[in-house]
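> Residues per chain are reported as follows:
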Amino acid sequence: AQSVTQLDSHVSVSEGTPVLLRCNYSSSYSPSLFWYVQHPNKGLQLLLKYTSAATLVKGINGFEAEFKKSETSFHLTKPSAHMSDAAEYFCVVSGTGRRALTFGSGTRLQVQP
Amino acid sequence: EAQVTQNPRYLITVTGKKLTVTCSQNMNHEYMSWYRQDPGLGLRQIYYSMNVEVTDKGDVPEGYKVSRKEKRNFPLILESPSPNQTSLYFCATTPTPRGSSYNEQFFGPGTRLTVL
Chain A
116 AQSVTQLDSH VSVSEGTPVL LRCNYSSSYS PSLFWYVQHP NKGLQLLLKY TSAATLVKGI
176 NGFEAEFKKS ETSFHLTKPS AHMSDAAEYF CVVSGTGRRA LTFGSGTRLQ VQP
Chain B
42 EAQVTQNPRY LITVTGKKLT VTCSQNMNHE YMSWYRQDPG LGLRQIYYSM NVEVTDKGDV
102 PEGYKVSRKE KRNFPLILES PSPNQTSLYF CATTPTPRGS SYNEQFFGPG TRLTVL
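Going line by line, the protein sequences match chains A and B. Residues in the first sequence are numbered from 116 upward in steps of one, following our numbering. Residues in the second sequence are numbered from 42 upward in steps of one, following our numbering.
One thing to keep in mind: the hints can contain errors.
Said to hold, decoys possible - List time: in silico BS3-like cross-link candidates among lysine-lysine, alpha-carbon distance up to 27 Å:
id	chain 1	residue 1	chain 2	residue 2
1	A	LYS173	B	LYS106
2	A	LYS183	A	LYS173
3	A	LYS164	A	LYS183
4	A	LYS157	B	LYS106
Treat the hints as calculated values from the structure; they're not laboratory data. The model shown is predicted, which means the values in this text are computed figures rather than measured ones.
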């Protein structure tokens, strides 16, 4: 079985400051991990994915995530927030069989001017 | 262009009136699934299909049906909708996994359903 916990339902930062969105996962094998972003009234877009290659993964729009097996974490970071980053972010773990993906409950990122 | 399409994008209906939300993909993917998104709950899987004529329940299947007669199409059927099925619905596809886990899923644009 697998699960994902996003530790913050809401994060607010000022434009130009760093972003940290936290995610912990549980899986009985070596998972693939993803971050998806959903802008208001839009569909889901893949930000980045980890599939057992490099532990530091670079994504689109300056986002990065680091896979830490010892901490079972996959936190999403960005050095400098932009107003256009305001959106909801989902951490996702892959599985096999029926559970192709398990989603976290989401973190809403607010960026203040 | 690789894409997943859903129709309709928006639908307002009344309790008990049967409806179907269509999903179609042009990527020749085997695996298709339906999710519903509700505030604070993320996306929850309703049904999935590993291939043609192979479907199974996800986490929240009550009140829904699906069929997979062709590889490209995976319609979601609500035979007697109720207000608690008011939600945002996403169809998604992915190739059959290679190795131990799935790769990314490709999502449709979503269907916002309101049941009065």
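> Work down the list of hints and note, for each, if the structure agrees.
Hints and how they fare:
As the CA atoms of LYS173/A and LYS106/B are separated by approximately 39 Å, the hinted pair breaks the 27 Å bound. At roughly 15 Å between alpha-carbon atoms, LYS183/A and LYS173/A fall within 27 Å of each other, so this suggested pair holds. For the hint pairing LYS164/A with LYS183/A, the CA-to-CA distance comes to about 14 Å; that is within 27 Å, so the pair holds. The suggested pairing of LYS157/A with LYS106/B holds, with an alpha-carbon distance near 25 Å, which does not exceed 27 Å.
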